[in-house]
Amino acid sequence: MSEDAAMIAGPPPGGTFPARLAWRWRHHHQIELWIVWWSMPVFYVIFSITYFVLARTMPPPPPHWNVAEIREWIALRHNGIDIGYILFYLTIGLPGWHIGLIATLLKRMSASPAYAYAYIGTMAAGTVPGALLNGFGYSLLALRPERDPAALAFLYEFANLTFVGTMGVFFVASFILVVAILLDRNNILPRWFGFACIWNLTTEFTVAPAWIFRHGPMTWTGGISFYWNMVVYGTWQIMYFVVFYKAINKIASNLPRPQASAESVPLNAFSPS
Amino acid sequence: MTTAVTTANEASGVGTANFNDGDSPPLRAVDHGAMWVYIVGDLFIFGGWFVFYLVYRASEQTIFAESQAHLNQTFGLFNTIVLLVSSWLVAMCVNAARASRYNEAARYAWLTILCGAVFAATKLYEWRSRIAEGRSFTSNDFFMFYYFLTAIHLFHVLCGFIVLGVLLRNLQVSALRAQVVIENCAAYWHMVDLLWVVIFALVYLLR
Amino acid sequence: MASTGQRICLWTAPVVGAIWVVCFFLFPGFTAPLSPTLPAKVVAAFYADPDNLARTRYGMILFNWFGIGFLPFYALITVQMERMAHNTEVLAYGFLATATSAAALISITILFFQVAAFRPDRDPAIVQMINDMAWMTFTVPVSFLMAQAGVLALAIFLDRQPRPIYPRWIGYFNLLVAALLAPCVLASVELTGPFAWDGTWSYWVRIGVYAAWTIVMFVAVMRAMGRTAETVISADSKLALRAGEA
Chain A
3 MSEDAAMIAG
13 PPPGGTFPAR
23 LAWRWRHHHQ
33 IELWIVWWSM
43 PVFYVIFSIT
53 YFVLARTMPP
63 PPPHWNVAEI
73 REWIALRHNG
83 IDIGYILFYL
93 TIGLPGWHIG
103 LIATLLKRMS
113 ASPAYAYAYI
123 GTMAAGTVPG
133 ALLNGFGYSL
143 LALRPERDPA
153 ALAFLYEFAN
163 LTFVGTMGVF
173 FVASFILVVA
183 ILLDRNNILP
193 RWFGFACIWN
203 LTTEFTVAPA
213 WIFRHGPMTW
223 TGGISFYWNM
233 VVYGTWQIMY
243 FVVFYKAINK
253 IASNLPRPQA
263 SAESVPLNAF
273 SPS
Chain B
209 MTTAVTTANE
219 ASGVGTANFN
229 DGDSPPLRAV
239 DHGAMWVYIV
249 GDLFIFGGWF
259 VFYLVYRASE
269 QTIFAESQAH
279 LNQTFGLFNT
289 IVLLVSSWLV
299 AMCVNAARAS
309 RYNEAARYAW
319 LTILCGAVFA
329 ATKLYEWRSR
339 IAEGRSFTSN
349 DFFMFYYFLT
359 AIHLFHVLCG
369 FIVLGVLLRN
379 LQVSALRAQV
389 VIENCAAYWH
399 MVDLLWVVIF
409 ALVYLLR
Chain C
50 MASTGQRICL
60 WTAPVVGAIW
70 VVCFFLFPGF
80 TAPLSPTLPA
90 KVVAAFYADP
100 DNLARTRYGM
110 ILFNWFGIGF
120 LPFYALITVQ
130 MERMAHNTEV
140 LAYGFLATAT
150 SAAALISITI
160 LFFQVAAFRP
170 DRDPAIVQMI
180 NDMAWMTFTV
190 PVSFLMAQAG
200 VLALAIFLDR
210 QPRPIYPRWI
220 GYFNLLVAAL
230 LAPCVLASVE
240 LTGPFAWDGT
250 WSYWVRIGVY
260 AAWTIVMFVA
270 VMRAMGRTAE
280 TVISADSKLA
290 LRAGEA
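Protein sequences, first through last, are from chains A, B and C. Residue 3 is where the first sequence starts when you use our numbering, and the numbers rise one by one after that. Residue 209 is where the second sequence starts when you use our numbering, and the numbers rise one by one after that. Residue 50 is where the third sequence starts when you use our numbering, and the numbers rise one by one after that.
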């Protein structure tokens with residue numbers, strides 16, 4: 003059976019799950035697409051476990067707490083922060099793979115390949131302040147609970163503000179998606195999703211007052227700047243996964259067998275015979 | 209794989225784009241649904257903010273009522289009328305385009321843009337007046353909502369200029385014309401108008 | 050034939066590497082890493098000490114200039130990855146993205162060290178905090194390096210052609226690098242021991258692993274570039290070959 007036919011036929015029936023995975027590793031032509039794709043749900047599950055179950059730093063505590071309240075809150079979560087963020091630190095590199103996947107999709111759009119490269123640059127730089135600094139802030143709070151009050155307050159605000167308030171990166175990344183999708187003639191992603199990315203863009207405006215207010219609905223834990231924003235962002239994120247999953251399926255089914263690169267051709271293939 | 213940089217109008221369905229040896233069909237005329245998905249979502253998002261406004265207003269009635277009195281109702285009314293007129297103008301534009309009177313439609317589109325500019329200028333002037341009086345974003349909850357809602361709305365108006373620009377290009381370049389795009393752009397502008405009317409009612413008028 | 054541009058990218062690696070070695074010996078905190086258990090006053094005294102201050106400042110300025118200096122080299126690896134027998138550029142772009150994130154982190158680390166040395170008479174508790182942040186950002190975010198090595202390993206294993214761009218053992222080597230770097234994340238919770246940010250593993254082993262990785266990849270990239278000079282293939286014969294395969 004030729005390799006192409008084998009791949010179309012799929013794994014032999016009746017095998018165990020690991021056996022099917024092993025078959026796919028050996029025979030699937032676009033296995034790299036799927037490995038990279040699944041790295042994202044894996045990351046999000048670990049991310050959710052870190053923030054919502056172990057460390058419980060999401061939803062964030064309020065900005066108006068005094069030092070004693072912060073210390074008490076950290077003490078309650080000390081072990082959770084330690085373990086949860088270790089998991090997080092081990093896996094925060096995975097979104098980088100996913101960025102490559104999105105850039106590949108963007109490259110296939112009829113709008114300039116510059117959009118793909120801009121997306122790589124924006125998001126690769128942005129993963130850093132977006133989540134990692136939050137982790138460092140909390141890890142340092144847990145590492146030295148007896149820290150000077152001014153330093154403690156700084157780290158507390160640093161952790162929360164950098165997480166909730168990193169705006170420009172996701173603003174520009176959403177903008178790139180909007181323009182690339184709306185200009186695209188190749189129908190890689192549906193047009194309605196291009197418009198939906200504008201909602202995500204808007205959330206970056208709504209969160210800006212978190213840098214100003216310590217009370218009310220527009221703080222880093224406020225009703226508007228955090229909770230309603232999370233509703234919008236969460237909805238968009240779900241749409242994002244559905245839409246990209248379909249797009250990758252479409253691309254994967256259209257691709258031919260991987261071609262060997264030029265250098266892999268044995269020299270005698272070109273000798274006259 | 210085509211590498212030409214296209215505009216949104218070209219993407220509206222004129223001409224064909226093939227991906228991967230012509231496996232997928234040529235792009236059809238742009239989906240009406242796309243813009244309406246956006247409009248409905250945006251109205252929903254704004255709706256949430258309006259609910260927050262009403263809840264905070266209910267719990268701080270005196271502050272809200274007292275602060276509201278400092279807003280310039282005349283400006284608010286003027287802005288509302290300007291936007292309502294602009295909505296009417298963009299509707300006339302759509303009608304003219306339907307009847308293939310594209311030059312006339314383009315004139316209406318320009319007038320709509322003019323109305324939008326007048327709205328934006330008035331809004332900025334109004335903000336400057338309030339700030340000069342010492343009433344800024346951080347003064348109290350009412351003014352927080354006032355600046356927030358009007359600023360996000362103004363952002364939508366600025367995006368509206370881009371949308372109207374797309375509309376104009378669509379009208380002026382005969383190879384790009386598609387009635388669907390014209391109607392989508394007009395629908396966006398109507399949404400902008402509708403949002404302002406609600407903001408005006410809630411923030412300026414509601415006592 | 051490897052282009053001049055590619056060769057320049059290649060040779061930036063040893064030059065930057067040499068400069069990093071100089072930075073290592075300049076900053077006193079690198080040759081003798083500060084223990085996390087030091088009280089604030091001692092940390093502040095370290096930065097304020099006139100013997101240390103000049104070395105820290107100038108060492109960090111140099112490091113600041115060349116901190117992301119390996120990116121052209123990583124971009125060259127990206128280009129070589131694009132020549133692998135994959136259907137898509139996903140893995141190459143993933144490599145570039147993770148390399149960029151790692152570079153962003155190094156920049157931030159250096160900035161923290163520089164701020165710590167900027168005002169010698171600062172409140173010691175604040176100096177300790179800045180020092181903490183510097184060491185955290187230096188030691189803990191190994192995940193980007195792990196993801197970088199991981200995606201390169203994945204790409205090498207999937208590069209199924211008669212003469213792959215990199216030999217297969219480099220893939221295993223990259224997996225080993227990722228595994229060896231992983232325990233450094235424990236520096237976020239440990240104040241003492243081998244995994245604290247001044248510990249044997251999180252600091253010395255980690256530096257050794259990174260150096261070994263850079264050297265091995267340098268040689269691998271150089272070999273992969275050199276090979277293209279052996280087989281000169283015209284565009285026509287490539288097309289003929291593909292048509293013959295179909």
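Calculated from the structure, these hints are not laboratory results. Backbone N, C-alpha and C define an ideal beta-carbon position, used for all residues, glycine too. Treat the hints with care, since some could be wrong.
[Said to hold, decoys possible] Using C-beta positions, here's what the derived DEER-type ranges look like:
no.: 1; chain 1: C; residue 1: S156; chain 2: A; residue 2: R58; range: 28 to 34 Å
no.: 2; chain 1: A; residue 1: W27; chain 2: C; residue 2: S156; range: 45 to 51 Å
no.: 3; chain 1: B; residue 1: Q281; chain 2: A; residue 2: P151; range: 44 to 50 Å
no.: 4; chain 1: C; residue 1: T80; chain 2: B; residue 2: I370; range: 53 to 59 Å
no.: 5; chain 1: C; residue 1: A231; chain 2: A; residue 2: V244; range: 57 to 63 Å
no.: 6; chain 1: B; residue 1: F363; chain 2: A; residue 2: V233; range: 43 to 49 Å
no.: 7; chain 1: C; residue 1: F74; chain 2: A; residue 2: R58; range: 50 to 56 Å
no.: 8; chain 1: C; residue 1: S156; chain 2: B; residue 2: S308; range: 47 to 53 Å
no.: 9; chain 1: B; residue 1: E391; chain 2: A; residue 2: G236; range: 29 to 35 Å
no.: 10; chain 1: C; residue 1: T249; chain 2: B; residue 2: I370; range: 38 to 44 Å
no.: 11; chain 1: B; residue 1: C367; chain 2: A; residue 2: T237; range: 27 to 33 Å
no.: 12; chain 1: A; residue 1: P151; chain 2: C; residue 2: R56; range: 51 to 57 Å
[What the hints assert, rightly or not] Which chain A residues face chain C? A few, computed with CB under 8 Å, are given here:
no.: 13; residue: M42
no.: 14; residue: P43
no.: 15; residue: F45
no.: 16; residue: I48
no.: 17; residue: L142
no.: 18; residue: L145
How the hints compare with the structure:
no., hint, verdict
1, C/S156 with A/R58: 28 to 34 Å, "31 Å, holds"
2, A/W27 with C/S156: 45 to 51 Å, "37 Å, violated"
3, B/Q281 with A/P151: 44 to 50 Å, "48 Å, holds"
4, C/T80 with B/I370: 53 to 59 Å, "56 Å, holds"
5, C/A231 with A/V244: 57 to 63 Å, "33 Å, violated"
6, B/F363 with A/V233: 43 to 49 Å, "19 Å, violated"
7, C/F74 with A/R58: 50 to 56 Å, "44 Å, violated"
8, C/S156 with B/S308: 47 to 53 Å, "58 Å, violated"
9, B/E391 with A/G236: 29 to 35 Å, "31 Å, holds"
10, C/T249 with B/I370: 38 to 44 Å, "58 Å, violated"
11, B/C367 with A/T237: 27 to 33 Å, "20 Å, violated"
12, A/P151 with C/R56: 51 to 57 Å, "56 Å, holds"
13, M42, "11 Å, violated"
14, P43, "16 Å, violated"
15, F45, "10 Å, violated"
16, I48, "11 Å, violated"
17, L142, "5 Å, holds"
18, L145, "7 Å, holds"
The structure does not agree with the numbered hints 2, 5, 6, 7, 8, 10, 11, 13, 14, 15, 16 stated previously, though it agrees with the rest.
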